[in-house]
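Protein chains: 4
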Amino acid sequence: MKGEMKAVMKKKPGPGAELVTVPIPKIGPRDILVKIKATSICGTDSHIYEWNAWAQRRIKPPRIMGHEFGGEVVEVGKDVTFVSLGDHVSAETHIVDNKCFQCRTGQAHVCQNMKILGVDTDGCFAEYVAIPEENAWVNDKSLPPEIAAIQEPFGNAVHTVFSEGVEGKTVAIFGLGPIGICAVAICKAAGAAHIFGVGRKNEYRLNLAKKMGADTIIKSNEQDAVKIIKEATGGYGVDVALEMAGSQEAINQSLKVLKPGGRMSALGLPEGDITLNWADDIIFKAVRIYGITGRRMYGTWYTTAGLLKSGRVNVEPIITHKFKLEEYDKGMQLMREGKCGKVVLYP
Amino acid sequence: MKGEMKAVMKKKPGPGAELVTVPIPKIGPRDILVKIKATSICGTDSHIYEWNAWAQRRIKPPRIMGHEFGGEVVEVGKDVTFVSLGDHVSAETHIVDNKCFQCRTGQAHVCQNMKILGVDTDGCFAEYVAIPEENAWVNDKSLPPEIAAIQEPFGNAVHTVFSEGVEGKTVAIFGLGPIGICAVAICKAAGAAHIFGVGRKNEYRLNLAKKMGADTIIKSNEQDAVKIIKEATGGYGVDVALEMAGSQEAINQSLKVLKPGGRMSALGLPEGDITLNWADDIIFKAVRIYGITGRRMYGTWYTTAGLLKSGRVNVEPIITHKFKLEEYDKGMQLMREGKCGKVVLYP
Amino acid sequence: MKGEMKAVMKKKPGPGAELVTVPIPKIGPRDILVKIKATSICGTDSHIYEWNAWAQRRIKPPRIMGHEFGGEVVEVGKDVTFVSLGDHVSAETHIVDNKCFQCRTGQAHVCQNMKILGVDTDGCFAEYVAIPEENAWVNDKSLPPEIAAIQEPFGNAVHTVFSEGVEGKTVAIFGLGPIGICAVAICKAAGAAHIFGVGRKNEYRLNLAKKMGADTIIKSNEQDAVKIIKEATGGYGVDVALEMAGSQEAINQSLKVLKPGGRMSALGLPEGDITLNWADDIIFKAVRIYGITGRRMYGTWYTTAGLLKSGRVNVEPIITHKFKLEEYDKGMQLMREGKCGKVVLYP
Amino acid sequence: MKGEMKAVMKKKPGPGAELVTVPIPKIGPRDILVKIKATSICGTDSHIYEWNAWAQRRIKPPRIMGHEFGGEVVEVGKDVTFVSLGDHVSAETHIVDNKCFQCRTGQAHVCQNMKILGVDTDGCFAEYVAIPEENAWVNDKSLPPEIAAIQEPFGNAVHTVFSEGVEGKTVAIFGLGPIGICAVAICKAAGAAHIFGVGRKNEYRLNLAKKMGADTIIKSNEQDAVKIIKEATGGYGVDVALEMAGSQEAINQSLKVLKPGGRMSALGLPEGDITLNWADDIIFKAVRIYGITGRRMYGTWYTTAGLLKSGRVNVEPIITHKFKLEEYDKGMQLMREGKCGKVVLYP
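Chains as they are written, first to last, in numbering that gives the first Met the number 0: chain Y, 0 to 346; chain D, 0 to 346; chain Z, 0 to 346; chain W, 0 to 346.
Some clues are possibly wrong.
Derived DSSO-like pairs (lysine-lysine); straight-line CA-CA distance at most 27 Å [said to hold, decoys possible]: (1) Lys-98(Y) - Lys-25(Y); (2) Lys-210(Z) - Lys-308(W); (3) Lys-218(Y) - Lys-25(D); (4) Lys-255(Y) - Lys-255(W); (5) Lys-284(D) - Lys-59(Z); (6) Lys-98(Z) - Lys-284(D); (7) Lys-77(Z) - Lys-114(Y); (8) Lys-77(D) - Lys-308(Y); (9) Lys-308(D) - Lys-98(W); (10) Lys-140(Y) - Lys-5(Y); (11) Lys-77(W) - Lys-25(D); (12) Lys-140(D) - Lys-98(D); (13) Lys-36(Y) - Lys-98(Z); (14) Lys-114(D) - Lys-98(W); (15) Lys-209(W) - Lys-226(W).
Hints in this document: simulated from the structure, not taken from any laboratory.
In this text the structure is predicted, and so the values were computed from the model without any measurement.
When you get a sec, could you build the whole thing from the sequences and use the hints?
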């Protein structure tokens, strides 16, 4: 498609981003071009905007930001087979090589030659985005575009929650950012017996976690999460710990509140090293720990769609702010302050 | 405890049962005596009452019937360790030997020297029942006794549903007796994306299944279940088939509606042999089939308690009739006609 | 590549095959051209040659037969990414669509739009074969071409054996054709405690199964397999039953010798319907049944290569006959008579 | 049984042990008395003998040491049901409560009220030992008593190796003490494709690991284990890491050599805290970590017996020293120096 488009770009190293006008991306024979209807801001986008240490190492400007979106297919390459013009799509943001051991054995989410949309390739904070067809997830046309957009981070939570089942089980979720709050809603929808949501000072998000189904909310900066959870579970601890904070404290507490024989799934990314009581907290308790990254391609997407399309999970309340694409600075500021669930931008 | 008690007894071979007065059972050093607060009627009890072919082979009268109950512990043997006087309890009805391969490897539910309460030993359609301590399941005192009673059949459904997870998946349940209806409620609570309930002529139970959360109700005597389910799933079929009818037709349909790569869990007990298209329906579709009997001891009970105590599943609507113990004939008649969910008797 | 080649072709409906000279196949941008060094005869090839009922329905002559091979890459399409000229390769023979639910969730072996090499597309009983790059399995150059060729059927056995682990377990294998014999060797290499091999009259193959590691050989036409296995396992039955015969008798016996709580994996394809004692053999025994088709793409190939490359399994003895491609009629006759393990043809 | 017996006792706090004459233990109604035929020395016994920090905290003298044995049943309590006089037995050394969540859900090996034979109760460095019947493992009478004795530590290795399968996989084993060496032998018997054994200075045990089947032996004090293993696996790393050393270095290296998507099973017990690169080594690699303690009760014992009885694993070479019970000091010295595999004592 010819023409120009608006896009939010990290134009050069340093904090912030610029609204630019650039050519609509060209597509290859196996790609599709998507007109963006809604796009949401991820913590990763916030890191790129703020230009933190990770972003400085990883991002090579100029780069159009963003990877979470819902949109409509407006052009398809000549070798495209299952996506059609007019389809509503979102994207799996991990672009993989399909030839490594991981890709060939159902673990493409840890492909060792992976590129990430909006990080290593131009993203979707724009009017259009080009993606490989195989990364397209075709949505029900009844799905609102902002719900479509947040399937990607919701999928991180789905992947974390369902390393094993949660039905009838007690679950402690550490870290109540948007993905942690999605995990609360998912555990609720999947029949968890009791959901402990552990956050820190952010009242806004603690309240949102409560609203989405947490049975007990714990502020770990004021309260002793380990003591509260142990007491509430008859001294046993929880069946399942979901670590979505990525801090030394939360990782330690996740292991401490875990029942002997229980499982922990860990998604949160700490900055530095983590110190553990390996003997007492892992060996003698005989726990299972799952490191979680991305989404199963594409099992997680089917589960996600199954939970959302059916209405088993209503994620509407998690979408707390809606702005025009041009107002991205407002969204980024809310993200920095944490006074939001998901922030959606409309081009 | 000394004294006498009322009990419903299969006194001699043949249909029916009698209300008798018998001594309160004596307990051994590792047993407990339970005062029954509520007991519910199982299909097995109905078979014994009606004196069908199975009952004629298996039951040796005189036998006090019944195995589903909620009650209070009024006496404990001297070697009892974890149950206390005053505890509210239900029972796992499979009394096992703890020494066979199955018992020693976490599969006590298929112990090859199993006795069944109310079948091989005197049951709970009475004022008191004696059970081994190890078969006791201690309930929260807040749990109503009739809910406590139906944990046992509910547990059959829990065991069947959770051979693997159902989150975000499409599920077809064949057979809408009380256990099938429990399965509907459980799938709903566990985040199944779409629940197809397939029954036959029994409007009463079809309606109850609808009420408990089935998204689509199919009358297989009037409608083409395979066609409806295939169409509703985009031609793929369902992720999960739960066979709780035990008929040739339902078993065949379960396999036909199952997606290639899907799983079937089978609880229903057919009378005679079953004929299958083994090549097309099992091999080429690469499905997994789980035969289900009883409840995991005691994993299933923990899941069951987790779902009920938390209110994730409200089983109240499944308890459709409440009678005095003496009115057992009325209950048995309802069971014969199928115009009921669970029927509870109060001694 | 230009030029002509020899090939064994089903030229028209009816029994037999012809040696023909045809153009070397053209390749597309994502295909590779392989010079065949060794190719082996599968039961499927035998069915096509004999022109049985299945072949009559499925095969559209003219068709070059064959799908098991080891060869060298002599041409690559312009979009090929991981296969190089000179690579030694074999092929996964299931050519899949990569877009259906099954392909997108790690179950490509049951892709619902699958084409099979040598069945739906021209095969490898020839000097050259063209295959999609993604179907290539790159071999160690040290692997002899005839071993490379039989990885495909060996993979069927790997897939069947490892639905679950066999370490320290008792295993009964029903059906001692080449794949059943591979299963014997695999179970031996994987630490099965005792391997029962159950065949019928074919002394040649019973002996081969013995040689490959079966601890007990049973001729089910003369001996009571169920009685022998039950007695040898202390009355319990085996932990694992592998059904590779596809007959009513073998399926029944597989279920009868299976321990309560055990697992059965079924690869054999019966011609007509199968009748089972569903209640006693599946429900009350609480068994798990896995329908097996093809090979996990490509997990099974990694396991296969791991077992062969390391020498943990020596499959040399299973390759009992080696002929020139032109002698395919001799190979087909041996297959008909069953007086062989694997028959290899060299172009 | 009346009379006296010889026993090796930690009589008072401090290093060493004494040979004493004490009454033969009395048994309760559910216990058995076993005449010891062979008993082997565990690292735990060595810690008690040496009186290390752990022993000082845990052991209350006087205490008869030892927990690994093979013996014959010479007396049974009146309520014993499956063990008979004359049976050859070994013991699961974890004496559990059978009533906690873990015991009731197939995880008795992490019972939270566990007592350990020879640690919390009198052990088997003696002519007789009394154990609960339920802890008895009945051996084939053909099994030599010293092999019977080492089933317990061998079982630790079985439990560690088979958290998941190893067939056709690459495995790195860190820590080549007796249990690590058992793990080598088990992986070999179970079809692992390549086994890396990583030890330190102990030439005696490195050689023993080589003899038992390690394909590559690495001395981590002289060689770069991570580099060697990465290079040997084409840069991918191993499918499976077994951590049996319990050191900071070995835990780190286990995670570094693990393939993205791989699994680590950890049995080794470090003294202090362990520091990890949680983000890179666990999250981004999406690994699974299993903490391992004890043996599955009694699934691990069945697997162990299956591997040993069948001869799939020959553990004879691991038994490097045989002494009379009275020579326990010699055995303890060898353990301290590490110049041994398993040391067996005969009363």
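Quick rundown of the hints versus the structure:
no., hint, in the structure
1, Lys-98(Y) - Lys-25(Y), "holds, 25 Å"
2, Lys-210(Z) - Lys-308(W), "holds, 21 Å"
3, Lys-218(Y) - Lys-25(D), "violated, 53 Å"
4, Lys-255(Y) - Lys-255(W), "holds, 25 Å"
5, Lys-284(D) - Lys-59(Z), "holds, 24 Å"
6, Lys-98(Z) - Lys-284(D), "holds, 17 Å"
7, Lys-77(Z) - Lys-114(Y), "holds, 22 Å"
8, Lys-77(D) - Lys-308(Y), "violated, 56 Å"
9, Lys-308(D) - Lys-98(W), "holds, 20 Å"
10, Lys-140(Y) - Lys-5(Y), "holds, 25 Å"
11, Lys-77(W) - Lys-25(D), "holds, 21 Å"
12, Lys-140(D) - Lys-98(D), "violated, 33 Å"
13, Lys-36(Y) - Lys-98(Z), "holds, 25 Å"
14, Lys-114(D) - Lys-98(W), "holds, 21 Å"
15, Lys-209(W) - Lys-226(W), "holds, 20 Å"
Hint compliance for this structure: hints 3, 8, 12 are not met, and every other hint is.
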